[in-house]
Amino acid sequence: MRFRFDAKSVAIALAVAVLLVFGIFPIVLLVLDSFIVDGQLSLDNFREVYANKSNLTAVWNTVKAAGLTMLIGTAISFPLAWLVGRTDLPFKNVFRTLIITPYMIPPFVGAIAWGYLANPRIGYLNQWIRALFPVFEQGPLNIYSMGGMVWVLVLFYFPFSFLTISRALEKMDPSLEEAARISGASPLRVLRNITIPLTAPAIAAGALLVFVAVASAFGIPSLIGGQARIQVVTTRIISYVYVGTPEAMHEATALAVVLLALSVVVLWFSNWYLAKREYFTLGGKSTRPTLVELGRWKWPAVVLFVIVCLIFAVLPVLALVMTSVVKTMGRGFAFDNISLDVWKSVLNDRVTWRTLRTSLLSSVLAATGGTLVGLLIAYLKVKTRMRLRTIPDFLATFCNATPGIVLALGLIIAFSGKYGVNMYGTFWILVVAYFVRHLSYAVRQAAAALEQVHPSLEEAALSSGASWLRLFKDVTIPLIGPSLVGGWFLVFMPSFYELTMSVLLYSSKATPVGYHLYHLSSFASPQSAAVLSVLILILVLIGNLLMRWASRGKVSL
Amino acid sequence: MKRIAVVLSLLLALTTALAGCGGSSGSGSGNNTTPSTSGQTSGSTSGQSETSSGPSGKIMIYTSIYPDIINLVSPELEKAFPNLTVEWFQGGTEQVTAKMAAEIEAGKIGADLLMVADPSYYIYLKGEDLLLPYKSENFDAVAVDKDTKDYTYTGVRISNVVIGYNTNLVKPEEAPKTFRELTDPKWKDQVVIVDPTLSGTALDSTYALSEKYGWEYFQELRDNGAVIGGGNSSVETKLVTGEFKVAVILEENLLKVKDRGEPVEVVYPEDGVIIVPSPIGILSTTQNAEAAKAVVDWWLSPEGQKAIVTGWMHSVRTDVESPKGAQPLAEFAPNAMKLDWEDLASRTGEVKDKFVEIMGSN
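If you read the sequences in order, they're chains A and B.
All residue numbers for the first sequence refer to the numbering used here, where the first residue is 1 and numbers rise by one.
All residue numbers for the second sequence refer to the numbering used here, where the first residue is 1 and numbers rise by one.
Just so you know, these hints were derived from the structure itself, not from any lab.
Some clues are possibly wrong.
[What the hints assert, rightly or not] Listed below are the simulated DSSO-like cross-link pairs for lysine-lysine, each with C-alpha atoms no more than 27 Å apart in a straight line: (1) 108(B) with 418(A); (2) 344(A) with 258(B); (3) 327(A) with 324(B); (4) 58(B) with 509(A); (5) 344(A) with 338(B); (6) 79(B) with 324(B); (7) 212(B) with 53(A); (8) 338(B) with 126(B).
Please model the complete structure; the sequences and the hints are all you need to start from.
Encoded structure:
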């Protein structure tokens, strides 16, 4: 199909243009900026940045933390996903939801919670352990270490891998497994020889997602890494930005480019690897797979899941709630030391509501724009024969894999007026940042749904004389409505509690709640931060329930 | 589709509800405007003009003063300047200066008045010609560091970096007496300090200690297991909860939580308290110089200074009392550490870098 000037082409061209202007342009500018010193093309910024030993250590720490998290995260995701997806485990739907609760908790909040749980001296967990086993003088858990940081990172980023593997297990054609079973292979043999090889691409893709997400994480490394003396690339970038001079900004961009390169390599590798071995049979037409009977392992598996859920979901929330109701922090948690004063002051503070409103508004706008643009980009990819039709999808994924800090720096450079648009310091830059960063979730969701829509329906509409707009409005959108809602929420939720980009982009006129939380915990009142965390958590949970209900169970986090 | 419609309308309702509650601020509906934290602005608009006297319009103050003090001051300012809308942008000193840097780069400074902690930053701004000279009517009453040549800035509040200890864990007679002592094995793994890349006063204390004892001091602190605990408030929490026995922290944080009944006590180190006379200055780019000047006068007046003291900081005037529970400035000032603000102004980045290199990496 050649490009024609009609509603369809215009709409798609607009969507792609938006992506290019708000996503790709800033990133390209940032990369160029890092190569320029005093108006000259030069590698000085890089030379300077990498002459500094702290930066090299930070790069190494980033790779180490992301690599370890990836390995451990994958190692726990696969068995859990398999147990939930392929066995007759009781209560598996409950477990499935509980186990990915961390995905709904802003990682930064999780880091605060784990700080309260497992700091060596007075962490709740350590106090409980010491009460049971008085042999320990302090500890035994120390969250402020590489091990502790990786632990928290695993808890908050393994859902990327868990969800990817679960989805693959759901989509996988069960007839192969059944054939093997019928031929007399033991369940373990089926697992080893059929299931694992078939899901290998998903395992790899999930692992790489974890790697990229961890490498660009800021909340957990800044809170836990700081005290553990572990610098990573993102925390170094923020320190450079806080030094505040133009030179420091250049050093920040030079560091950011390395982080970007890391993500691009991983993304490229993942695409290449997956393209080579996409085995999935799409559509789920076959009957439900026969489930592996756990037999006498059934209840041990349940116990395992209960423990896992306790650690992953219940403990951190409990720690936050406990901290938020303590009257004098000096006495710790005791039943005669409880007060709701902090709750009252947070709920009565206008700033709480103002920041919530800012976040709500900006993420509603980002999600709506994201759904619209995402739908068009997905349509371009799935339903047209235009050349290069998959490029915008790749670019959206690229923006998502770009570390938030990098993207935010790019947006500052691109939109502080130098190029005609001045959005920095306004509410709109938040909207743009959230939109660009999370767009690919909407694209993915819409593309998956569009693939299921048979072309005959559209052809019928077109041959009855409907215009493309009409077809789109009356046929396509209603057919994939629930998935679009799902995509909308997938953009909305992470935007709502976003921290990494907000740290750089907030302004006096527009402070998102994620930044407010960061501020409270570092500069104002850590107890208020605990209250606000619980509040955000409640809102996110409600959002998740709504999403599930609105998309009829098709989508949930 | 019905469910989708329900959810969307719910969201819409929620957004409007929240928008409504935020939007009503400053509409003179009788309730006091609550000042903001973390960069929120809040207008303290007064009712319609009573008399035409006094400055009018709007001014924006960028500050690192704690939100509760802004809370305290807002109604007072409203009373003093009924026709003026005062907006605040509050953040850690280093966050405010990062924002300033971006705005200077973009050529669009949002602040009329600046009240951050670190005096050396004002020297930097003065060098960039960004401060408006103004000799306040109260200038002569100010007893601390001020620009006596060009009148571009003057101290407005005094914060002191001291040692705090948790009284549940440390007996008064065992408490450390000096900063030097914190490198003693007695305090192994028990000391928490504030991050100078986040806090202006911590930058000043880092500079002061490194000048007095050399960077080896921080190397020894580090070897003794001292850690960076984040901003002043998160260090305060780590001290109060007993995660650490001893902290190098702002006196005002300690006084505040002690008054609330938390188990902490202040030590004024014998090797010198680090006195930080945080300035106030008017940006030369201000569109409302008249109002900015009036507000500076107010801050330096006894009323303004009393608000400072209620916020647990020391006054820059000698005719205003010390905060509750604090040692009078006159007692520890003679022995205080000497700081060369000009020197620090030119070496800020270097000091932060060096600190992170020693304390921040393994």
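Verification of the hints:
1. As the CA atoms of residue 108(B) and residue 418(A) are separated by approximately 12 Å, the hinted pair is consistent with the 27 Å bound.
2. At roughly 21 Å between alpha-carbon atoms, residue 344(A) and residue 258(B) fall within 27 Å of each other, so this suggested pair holds.
3. Taken as a hint, the residue 327(A) and residue 324(B) pair is honoured in the structure, with Cα atoms around 22 Å apart against an allowance of 27 Å.
4. Taken as a hint, the residue 58(B) and residue 509(A) pair is honoured in the structure, with Cα atoms around 15 Å apart against an allowance of 27 Å.
5. As the CA atoms of residue 344(A) and residue 338(B) are separated by approximately 44 Å, the hinted pair breaks the 27 Å bound.
6. Only pairs whose Cα atoms come within 27 Å are accepted, and residue 79(B) paired with residue 324(B) is accepted, the gap being roughly 25 Å.
7. With a C-alpha separation of about 26 Å, the suggested pair residue 212(B) and residue 53(A) falls inside the 27 Å cut-off, and the hint holds.
8. Proximity of residue 338(B) to residue 126(B) is assessed by CA-CA distance (about 22 Å); at most 27 Å being required, the pair is judged to hold.
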